[in-house]
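Colleague: Chains as they are written, first to last, in our numbering: chain A, 237 to 425; chain B, 148 to 347.
To be clear, the hints were calculated from the coordinates, so they are not data collected in a lab. Possibly wrong hints are sitting among the right ones.
Computed spacing ranges between beta-carbons, pair by pair [unchecked claim]: (1) A:S321 <-> B:G255: 18 to 26 Å; (2) A:G369 <-> B:T268: 45 to 53 Å; (3) B:P218 <-> A:T382: 48 to 56 Å; (4) B:T245 <-> A:S279: 24 to 32 Å; (5) B:A288 <-> A:T370: 47 to 55 Å; (6) A:G369 <-> B:T273: 53 to 61 Å; (7) B:V330 <-> A:N366: 28 to 36 Å; (8) B:A327 <-> A:N304: 39 to 47 Å; (9) A:S288 <-> B:T280: 20 to 28 Å; (10) A:A333 <-> B:T213: 43 to 51 Å.
Each residue gets a CB set at the ideal place from its N, CA and C atoms; glycine is no exception.
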Amino acid sequence: MKLPVKSTLLGALAAVTLGVTSLNAQVGLTSSLATVNINATKSSVLSVLINSGGTQNLASLTDNTTNNFASPVNVTTTWDLNAGSNVVLVGSFSTPAQALASGTNFITSTYVKGKMSTGTPTSFTAFTQNGVGTIGTAGGSLTLFTQSVSGNLANSRTDNLDLQIDLTGHANLLPGTYTGTLNLQAIVQ
Amino acid sequence: MTLHRSWLRLLFLAALVAATEEQAAAQAGTVSTARVVSLAATKTGKLTMGVVSGATQTLASITDNTTNNFPIPVVIQTQWDLNPGQTGSVNVIGWFSTPTQALTNGAGTNIPSSRMKGKLTPGAPTPTSYPATFTAFTQNAVGGIGTAGGSLRLFQINITGANKTQTRTDNLSLQLDLTAAAVLPPGTYSGTLNIEAVTQ
Numbered sequence: 237m238k239l240p241v242k243s244t245l246l247g248a249l250a251a252v253t254l255g256v257t258s259l260n261a262q263v264g265l266t267s268s269l270a271t272v273n274i275n276a277t278k279s280s281v282l283s284v285l286i287n288s289g290g291t292q293n294l295a296s297l298t299d300n301t302t303n304n305f306a307s308p309v310n311v312t313t314t315w316d317l318n319a320g321s322n323v324v325l326v327g328s329f330s331t332p333a334q335a336l337a338s339g340t341n342f343i344t345s346t347y348v349k350g351k352m353s354t355g356t357p358t359s360f361t362a363f364t365q366n367g368v369g370t371i372g373t374a375g376g377s378l379t380l381f382t383q384s385v386s387g388n389l390a391n392s393r394t395d396n397l398d399l400q401i402d403l404t405g406h407a408n409l410l411p412g413t414y415t416g417t418l419n420l421q422a423i424v425q
Numbered sequence: 148m149t150l151h152r153s154w155l156r157l158l159f160l161a162a163l164v165a166a167t168e169e170q171a172a173a174q175a176g177t178v179s180t181a182r183v184v185s186l187a188a189t190k191t192g193k194l195t196m197g198v199v200s201g202a203t204q205t206l207a208s209i210t211d212n213t214t215n216n217f218p219i220p221v222v223i224q225t226q227w228d229l230n231p232g233q234t235g236s237v238n239v240i241g242w243f244s245t246p247t248q249a250l251t252n253g254a255g256t257n258i259p260s261s262r263m264k265g266k267l268t269p270g271a272p273t274p275t276s277y278p279a280t281f282t283a284f285t286q287n288a289v290g291g292i293g294t295a296g297g298s299l300r301l302f303q304i305n306i307t308g309a310n311k312t313q314t315r316t317d318n319l320s321l322q323l324d325l326t327a328a329a330v331l332p333p334g335t336y337s338g339t340l341n342i343e344a345v346t347q
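Bound-form chain A, shown alone (with noise of 0.2 Å):
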């Protein structure tokens, strides 16, 4: 009498065990690797913004002597670089012997300067500097600060540039009104 039990019992295990193999029989089914290749870049900046001054106006120019813009051109330049030992911020007039112009009355760029305290001229400085890399004009250039970036690839500084036209030792002009555009751009190197 007790075999019976026992088969019954061992038969009944067996058929339990298979029902869980059968369950779990396709549990762990795994589809083939599918890849998604991701590039994401993120570009260098440099960049010089005019926060204020960006117009300069001299209501009465003197001869034969020094004529200062009554408010600093306020200057921020930013940078965010992977490389480079210093940014430069250059000034320029594109043609230098017409800085400012009426009619065909010119101002050289001799006869105006730029000081920056913050930066490089820190008292009037003639804009016939050369170029820096590939931004300024020869004889036309100011040079207002050479920042290390050296540990400090990212950041931004804002400076104040005083203009200035000098024109001490200059023939009298003509009256008129002397417009010229000077070009700010800054340069990693």
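With the hints as your guide, set chain B onto chain A.
Modeller: Quick look at chain B alone, frame taken from chain A:
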């Protein structure tokens, strides 16, 4: 003499016919030993997935300290043919092999998988669960698929008789979230997102 031989031949033939009939009668109803032929036919479960489009994701311009969405989704297609009595659910997992270096610029700067987020716009029918909003790839593996802390379950769908055989297409949108992250050095950051399906 000749007559005697003829009679003998007839008798012999008669005896031979009789003996043959008796033998034939004796074999009727005889059966051989039974032999069995075992038949087994297995239909294996099927589970495939592939990227239909968007296998290359490109962000032309990363902006620091904000979210950067990749412009097009990864369109994934998942197919299965399963026994609902043997399968609980189908899961699709996306993961990065090295979560601390999900994307790298090759110059020592890495973007971890915690900055990479995924969001699923599901096809029909709606899965049991999926990341409806951008969710970081910081989950653990599922069913042995994925990496610890570098995975995201893209969907889980329970298998029933109604959906035991199905082909579905889903859109996975990716985002690089640099909110509050340190400023990245400019450069191109590349990585590989793995996607695989597994049953549970």
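Colleague: So, against the hints stated earlier in the document, which numbers end up violated here?
Modeller: Checked against the structure, the hints that fail are numbers 3 and 9, while the rest are satisfied.
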